[in-house]
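Enquirer: What follows is the residue order along each chain.
2 protein chains.
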Amino acid sequence: MPPVALALLHHPVRDRSGALITTAVTNLDVHDIARSARTYDLAAYYLVTPIEAQRVLIERILSHWRDGAGARRVPERSVALSICHVVPSLEAALAHMQSAAGQRPHTFVTGARPPEGRSVLEPPEARARMAEAPSLLLFGTGHGLAPQTVAEADHVLAPIRGAASYNHLSVRAAVAITLDRLFGDAGARGEL
Amino acid sequence: MPPVALALLHHPVRDRSGALITTAVTNLDVHDIARSARTYDLAAYYLVTPIEAQRVLIERILSHWRDGAGARRVPERSVALSICHVVPSLEAALAHMQSAAGQRPHTFVTGARPPEGRSVLEPPEARARMAEAPSLLLFGTGHGLAPQTVAEADHVLAPIRGAASYNHLSVRAAVAITLDRLFGDAGARGEL
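Chains A and B supply the protein sequences, listed in that same order.
Mapping the first sequence onto my numbering, position 78 (from 1) lands on 78, and the numbers just tick up by one.
Take the position in the second sequence, starting the count at 1, then add 1000; the result is the number in my numbering.
It is worth saying that the hints were derived from the structure and are not from the lab.
Check each hint, because a few of them may be wrong.
[As the list claims (entries may be wrong)] Computed footprint of chain A on chain B; a stretch qualifies when at least three of its residues, placed anywhere within it, have a C-beta under 8 angstroms from a C-beta of chain A: (1) 1048–1055; (2) 1142–1153; (3) 1161–1167; (4) 1173–1181.
[What the hints assert, rightly or not] Facing chain B, a subset of chain A residues (Cβ under 8 angstroms, in silico): (5) His143; (6) Tyr166; (7) Gly184.
As the structure is a prediction and not an experimental result, all values here were calculated from the model.
Even glycine gets a Cβ: it sits at the ideal position worked out from N, Cα and C.
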């Protein structure tokens, strides 16, 4: 199976009004998403922000948990954070993954609302595509990925629908559910 | 369908060594889990802590987002947090739900490791039980629910297995995945 990785974009993402913004990195996005990515055996978790000061901050957080006092106190956190990479752009994440996997990854976008005019992939179809090439799953902070990022993506994952008309999951919850639907144990789903 | 609710316990829960402790409430546990619970149409989300100062703090956070400046700025957050109840004990959550639903709820515990000697319910079996009576799903902070809480529960949900030997999901991720497995849209699962 070719590697699958995940990128969390802090730019370009939408705000409430649809304007393109850069969001600040949330500490728990580093930890929670690394733990989920590691649990579902992803090859890498790219934290994407163009702001250098934010990248320095995340690297310092990672260092504490990977090599510092945090690693001694909570060793399993070190294991999760070992797959994190801090990069300035989506292109940098793609280039890093290409150099590691020997092939440019296909991109899969996610979001609460599917873009108009694009067909969406349910988990079994997405897994079939992922068997063909390295894959990078893109998640947006703020109010979601920029339209251009979605338009340029190779594939669109079917949105998560819950059981209510309300649909405002946190990105941390959306990542967890998406990974479970794609890669969760056979017992819950019977199709892996 | 009888109501289903969720309780996040901060006491009694285990620490790394298995000792019983009381954890501090994490702000994002309030928001993320409320949003997930609302998305999957739960009737209530009980935040359980015996520490009065913590309950006062959570009530202040809730007030900001339900009635204050936060509600005006992010109205959908107000909708999610409207289902939150801050209570001092699991018993108080059960009593509140019993008075609202007219019947004492059955409890379902969750956790990374199933307790020895108990049979566990996969999602279809759990849903069948939930059709019979009001249900309260129990999640633990720290390193998980106390053994006594597990022993006294009516049912045990099958643990979430990912795709790796690593299995250290955050409670926020575990809640999201559990709710999606139990109540997610039919498209991803075909059995609801």
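Enquirer: Each hint needs a verdict: does it hold in this structure or not?
Expert: Status of the hints after comparison with the structure:
1. 1048–1055: violated (count 0)
2. 1142–1153: violated (count 0)
3. 1161–1167: holds (count 6)
4. 1173–1181: holds (count 8)
5. His143: violated (11 angstroms)
6. Tyr166: Tyrosine 166 of chain A check passes; min Cβ-Cβ to chain B is 5 angstroms, inside 8 angstroms.
7. Gly184: This hint holds: glycine 184 of chain A lies near chain B, its Cβ roughly 7 angstroms from the closest one there, short of 8 angstroms.
When the structure is compared with the earlier hints, violations turn up for hints 1, 2 and 5 and for no others.
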